[in-house]
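Residue numbers (my numbering), protein chains in the order written: chain A, 92 to 370; chain B, 733 to 1021.
Just so you know, these hints were derived from the structure itself, not from any lab.
C-beta atoms are modelled at their ideal positions from N, C-alpha and C, and glycine is treated no differently.
Warning: the hint list may mix true and false statements.
[What the hints assert, rightly or not] What the simulated footprint calls covered on chain B by chain A, stretch by stretch (three residues with Cβ under 8 Å from a Cβ of chain A suffice, anywhere in the stretch; the number is not a length): (1) 799-811; (2) 817-824; (3) 847-855; (4) 943-949; (5) 977-987; (6) 990-1001.
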Amino acid sequence: MSCWQTVQDYSLRSIGIGERLLPKADITLCEQIVLIGSGVIWNVYFGVLALFFGFAFATLLAVGKAYGGKYSQAAAGGFIFLFRGSPLFIQFFLAYEAFILLPKVGLVLDLGFVVIDAQTRWLTRAWLGALIVLFLNTSAYSAEIFYGALRAIPRGDSEAADAYGLSGWRKFKAVLFPTMLRLAWPAYTNEAIFMFHATTLVFFSGFPAWRQSGDALYYANYFADKTFNPFVPYPIVAVYFILVTLLVIFAFSMIGRRLNRHLPSNEITRPKFRFSLLR
Amino acid sequence: MFDCVDPKSLEGLTWLACYLTTGKHMAFYASFATVLFLLALTAPLAMLFGFGGALASRSAVLPLRLFGKGYIAMVRGIPDIVFFLFMPIAIDQLLETVRHKLLCPDVVEPIRRGNDFVVCTAAKLPLGAADQWVHELYGFLLASLSFAIVFGAFAGNTLYGAMQAVPRAQLETASAYGMTQRQIFWRILMPQMWVYALPGLSNLWQILIKATPLLFLLGVEDIVYWARELGGAKTSAFSYPHPDWRLYYFLFLLIFYLMLTQLSERVFGWLIRKTDHGALSAHAARAGS
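Can you build the whole structure from these sequences, using the hints too?
This is how it looks when you write it as structure tokens:
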């Protein structure tokens, strides 16, 4: 079978398009590269969506923790503590079990003319269930970054906004939020990188790979089991992830440059590798 | 304490007390010690690797520097789970290959035959005849070594950054006073770098704690394994039948981890405050945060 044929069969295998059966014997290098690459689709899907939705929620949490009243501070702080203090792996397991139990407990809404209980079934699927966990997780980590940035906003900036008569929403929109983003951006870049790395956990943590449609590491693990040779599939995953990481760094540094465009070049903080963001 | 001979006749709290003290539950509790043992074993080893990596990436010898930089950079682009899945089997195969070459030099067939990895019986690790506990210990040690290598790379980043953070002028002053490279390292660099490294190492310890459930992926019978095993629904064929309780078992694990991370945060906070007594403290606190 030619490599081009393999690309046609397997390049979209992870989302259920193409050949159903995975290669079993005489596995070629081409098959490994194509199928693992196909799995990357899932990693990108989880990473992009979790970050996209997480960004908004994280901003809300950070504002709640920094400026909220007693209760919203406690709620935001508790949420952040819960998701940053426990392993993502355990969160996946816990969420999966909870999603399984939900319909059994009887969260069935009988509206008289229509019964809504089908939704909870989707929660046990990785595409939704795992996405929710990743979303909550990245929200907590990003919120802590944003919270730190909010507290690091120079007092003068805030007072200048007051002096101009800005307050509430207008002050937040015009002064606090842009400054927060600018200060948080290097750390947030790292959070994004590790978010993509964390997506590899999904299919190893309770969420089943439906019809063997998994992410890059799922297929790499499959090949390592089948060929009993870890020295080919895992380096392939590694290369894919280095590419994803480089792309993330590129995209985020573009945004970072825009956030910092009004500053002289010696005042810009560049991304540095930090650990506080790992799970 | 309780008479647990006939579980079917028990009720209420007595049932629960008997249920929670079965042999399997004892194994579950013991697996918490496995986690703590892994932490105790991995942390110093990872520090050692990290120190080696940081030193190598500052080396004047080019190949050594490249190796060090490559080692500490590898965790930036590649998910740690990839290493956790790759390392144990890779190390195992490397060891067996070496033993195969040494112990069975007369076997001419290649080790890799198609989809098989075949070494002679004498080269197997652990030997086929070994007890079950030897297999388990071997698996655990491989897992610990993988953890140590990966976290060594993380620690290497922290320590490298901390070494770079020590003001350059001080090192140059020491050199101007006629100290040798060795003296500069031990008397100027080493004592000061810890202040810069501590916040990073504190984070690293938290990450290490949060990575311990991944032992489950490496086939070690850890707390995640037992939580799944014990929590699963038990039919009346078992002594203690119950519905699916995995949610509660995982909730218990979650609380365990929350307490562990919270406790270590307190300890490190105290440690950082303690080491911060110094002229550089304000600067150091900023550099590490």
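Structure-based check of each hint:
With 4 residues having a Cβ less than 8 Å from any Cβ of chain A, the segment 799-811 of chain B passes the three-residue criterion, so the hint holds. Interface restraint, the segment 817-824 of chain B with chain A: holds (4 residues with C-beta to C-beta distance below 8 Å; minimum three). Restraint check on the segment 847-855 of chain B versus chain A: 3 residues with Cβ-Cβ distances below 8 Å, three needed, restraint holds. For the segment 943-949 of chain B, the proposed coverage by chain A is satisfied: 6 residues have a C-beta within less than 8 Å of a C-beta in that chain, meeting the threshold of three.
Figure legend: the segment 977-987 of chain B, annotated as covered by chain A; annotation consistent (6 residues with Cβ-Cβ distances under 8 Å, at least 3 required). Chain A is given as covering the segment 990-1001 of chain B, and this holds because 3 residues of the stretch bring a CB closer than 8 Å to a CB of that chain, at least three being needed.
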